[in-house]
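Chain B: place on chain A using the hints.
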Amino acid sequence: MKWEQVKNWPWKRIAMGTAVLTSIVASTSFGTYAYFTSQVEDSSTFAAGKLEISLGETKARFQAADDQPFLPGVRFEKTLTVHNQSDVPVKYALLAEKEGGDDIVYDRLVVEVRRENEGGELLYHGRVSQLTLANVIIPELPKDASDDLHFSVYLPESTGNEVQQKSADVTFGFLATQQDNGHYFAQGGPVMTFTPQDLNGTKLVETLRMASKEAEKDSVTGLTFILEEGSYDLSDMKLPEKVTWKAAPGKEGKVVVRADELQVSNAAFEGIRFEGSGTGLYVGSNVSFSGCTFDGRFDAAIRTMPDLSGEKTLEGLTVKDSTFAGAEAAILLDQTIKGAFIANNSFSGVQHAVVVANDRETEVQIVGNDFANVNKYAVDSGGVQVGDGIEGFKETSEENGDAKKLALHLFKADLYLEDNKYD
Amino acid sequence: MIERRSGQRPKKERLRLAEQWAGGIFLLGLTASLWVQPAGTYSWMWKGVKDTGNQFAIGLLDITSSVFGEKWRVIEGGNQAVDLFRMIPGDARQLEATLSSGESDLEFIYKIVAEVKEAGKPEDVQKLEEVLRIRIESGGSVIYDGLVRGLHQEQPGLKHVNGTEEHFSPHQRSKTFAITVYLPKEGVDHSFQALKGNLEIRFLAKQATLDAIFAE
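Chains A and B, in that order, are what the protein sequence lines are.
Counted from 1, the first sequence has number 393 at position 393 by my numbering; the numbering is strictly sequential.
Counted from 1, the second sequence has number 207 at position 207 by my numbering; the numbering is strictly sequential.
In case anyone wonders, no lab produced these hints; they're calculated from the structure.
One or more of the hints may lead you astray.
[Stated by the list, open to error] Simulated DEER-style distance windows between Cβ atoms:
| hint | chain 1 | residue 1 | chain 2 | residue 2 | range |
| --- | --- | --- | --- | --- | --- |
| 1 | B | 25 | A | 277 | 33 to 43 Å |
| 2 | B | 215 | A | 60 | 31 to 41 Å |
| 3 | A | 403 | B | 161 | 46 to 56 Å |
| 4 | A | 179 | B | 166 | 53 to 63 Å |
| 5 | A | 383 | B | 200 | 33 to 43 Å |
| 6 | B | 67 | A | 213 | 54 to 64 Å |
| 7 | A | 237 | B | 118 | 46 to 56 Å |
| 8 | B | 169 | A | 372 | 39 to 49 Å |
| 9 | A | 200 | B | 10 | 17 to 27 Å |
| 10 | B | 200 | A | 205 | 52 to 62 Å |
| 11 | A | 383 | B | 60 | 32 to 42 Å |
| 12 | B | 161 | A | 404 | 14 to 24 Å |
| 13 | B | 60 | A | 403 | 23 to 33 Å |
Each residue gets a CB set at the ideal place from its N, CA and C atoms; glycine is no exception.
In isolation and in its complexed conformation, chain A is listed as follows (with noise of 0.2 Å):
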């Protein structure tokens, strides 16, 4: 560049801007405005709040009263406190596990889990090896607050010779979330949500045929199966194990399967409603009905799957607090079955509620069911029926005992029956 073309510069102007820029910056850099300031802040800080649950137990160990060991119908006690003291309230899981031990006891083992208020209000009472799933959920605890919780676990009395011997190590747990999550814990298993559109067709053969090989494998503890308002047709089929069927969250009794031979083994329904005739399931081992309806015209709602080797024993039916109505025979128990346990159902309408008509000894416990509307016998095994006391058995309480009991060793089973209503 030039001299010449720089002397023609507008110097002035340059020197001018100079200036004015230096005192803005100056100005800018000191804060020394001569205005009136105020000023407010929002300062946002995003810190996790804390999730944290804590346990008490009333003592260190399981026990009965007066130190008795653990025998069939005797029950081994012990309160655990749940506290929490996360910043937030929580709802929290039962869990369960088993540690170690055999599983013909393990599968047997009954816990009934109840609030230790006035009251006693019942959480659960049904099988340990149920609560694996995270699936028997309370839901609010709040801030600061603890529950008392009263677990009572025993063998049914129904239960024989076969557990002598044995033993079962189990860990009860409790699992909290954020109350305002979702209705599943991730210790349960993939959840999956159907309609009635998308269990159907090729659709329905689909997922069972995916369902069936994923439970093949060693690491897959269970799959829910979470069914939205409507009807399914299960007729004839054969469903995968290890899968938990459930109505959705409300929709208790408006899930409609039509079962018509449905073959179901090692499988649990919540809240289902089974529609059909003839018989409706055959189960296998460890099937489990809580909360179900079953209404039809069943020759058998529930019956055991026929084993054409005739050696085979079968293990572990529940049904607890289901309805059934219109059927020849609620429950029919012509195979052999260990550890069946029929709790708090109701039953209208239905010739017979159970029968018993195999050819071995089957071990059944039946307490707190409501006979009251069954057309003939509440149960029936091989011509001796209990009943309303006139042409059978009867339950009866001990001189200042408060439950009716009646326990029957049979020829073909033995059952043990409480607290039952007949009339």
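Quick look at chain B alone, frame taken from chain A:
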């Protein structure tokens, strides 16, 4: 009326294709759900607490090592063979029986039951039981002395006490009983001649809890 443009698929076919797509996506989602590790499918905070080491162990109740003597001993009745069928009024035969707790580690309650079983004519059983008596002694005291039919197993469900029930601790190991079967000297007339029956005597045991029942 809207005419279909050349090359456009019929509505029915489009619907079918859409359904196939939806079905494919549904199955893809299902497959993904099953493959993804469960714990990875949730982002919630959760906390678990456990109460471990709760053992529920069941003991043993086994009286199968109990024994009944091999031969009946003649107490009354002279030189006849020891044969219940050939007893005459006043005859008495005795058998020693030992209840053993074997390997049991549980306390239990036992009882003794007896019954005449058919050995020819069914009607003989009932007639024999009208007169055949049994006396059970142990440790110098008489536990039962009465008709055999008083020791019958009862129908299921009925609580029945025949007087032989007793608590047994496995520490006792064993207990010996002298069981005498006899025909009274009086009240057995000629109509009882040649009656035949087999006498079955059994020990029953049940767990020592209030509501337990004998396997009758």
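Okay, the hints, checked on the actual structure:
Range check, residue 25 of chain B to residue 277 of chain A: Cβ separation about 36 Å, and the 33 to 43 Å hint holds. For the pair residue 215 of chain B and residue 60 of chain A, the supplied restraint of 31 to 41 Å holds, since their beta-carbon distance comes to about 36 Å. Between residue 403 of chain A and residue 161 of chain B the C-beta distance comes to about 21 Å, which lies outside the given range of 46 to 56 Å. Checked against the hint of 53 to 63 Å, the pair residue 179 of chain A and residue 166 of chain B passes, with Cβ atoms roughly 58 Å apart.
About 23 Å separates the C-beta atoms of residue 383 of chain A and residue 200 of chain B, a value inconsistent with the hinted range of 33 to 43 Å. Our hint of 54 to 64 Å for residue 67 of chain B and residue 213 of chain A holds, since their Cβ atoms are close to 57 Å apart. For residue 237 of chain A and residue 118 of chain B, the Cβ-Cβ distance of about 52 Å falls inside the hinted range of 46 to 56 Å, so the restraint holds. In this structure the hint that residue 169 of chain B and residue 372 of chain A lie 39 to 49 Å apart at CB holds, the actual value being about 44 Å.
Between residue 200 of chain A and residue 10 of chain B the beta carbons are some 24 Å apart, a value that agrees with the proposed interval 17 to 27 Å. For residue 200 of chain B and residue 205 of chain A, the Cβ-Cβ distance of about 59 Å falls inside the hinted range of 52 to 62 Å, so the restraint holds. A beta carbon spacing of about 33 Å between residue 383 of chain A and residue 60 of chain B agrees with the range 32 to 42 Å that was offered as a hint. With their beta carbons about 20 Å apart, residue 161 of chain B and residue 404 of chain A fall inside the hinted range of 14 to 24 Å.
Between residue 60 of chain B and residue 403 of chain A the beta carbon distance is about 28 Å. The supplied range of 23 to 33 Å therefore holds.
Checked against the numbered hints above, the structure breaks hints 3 and 5 and satisfies the rest.
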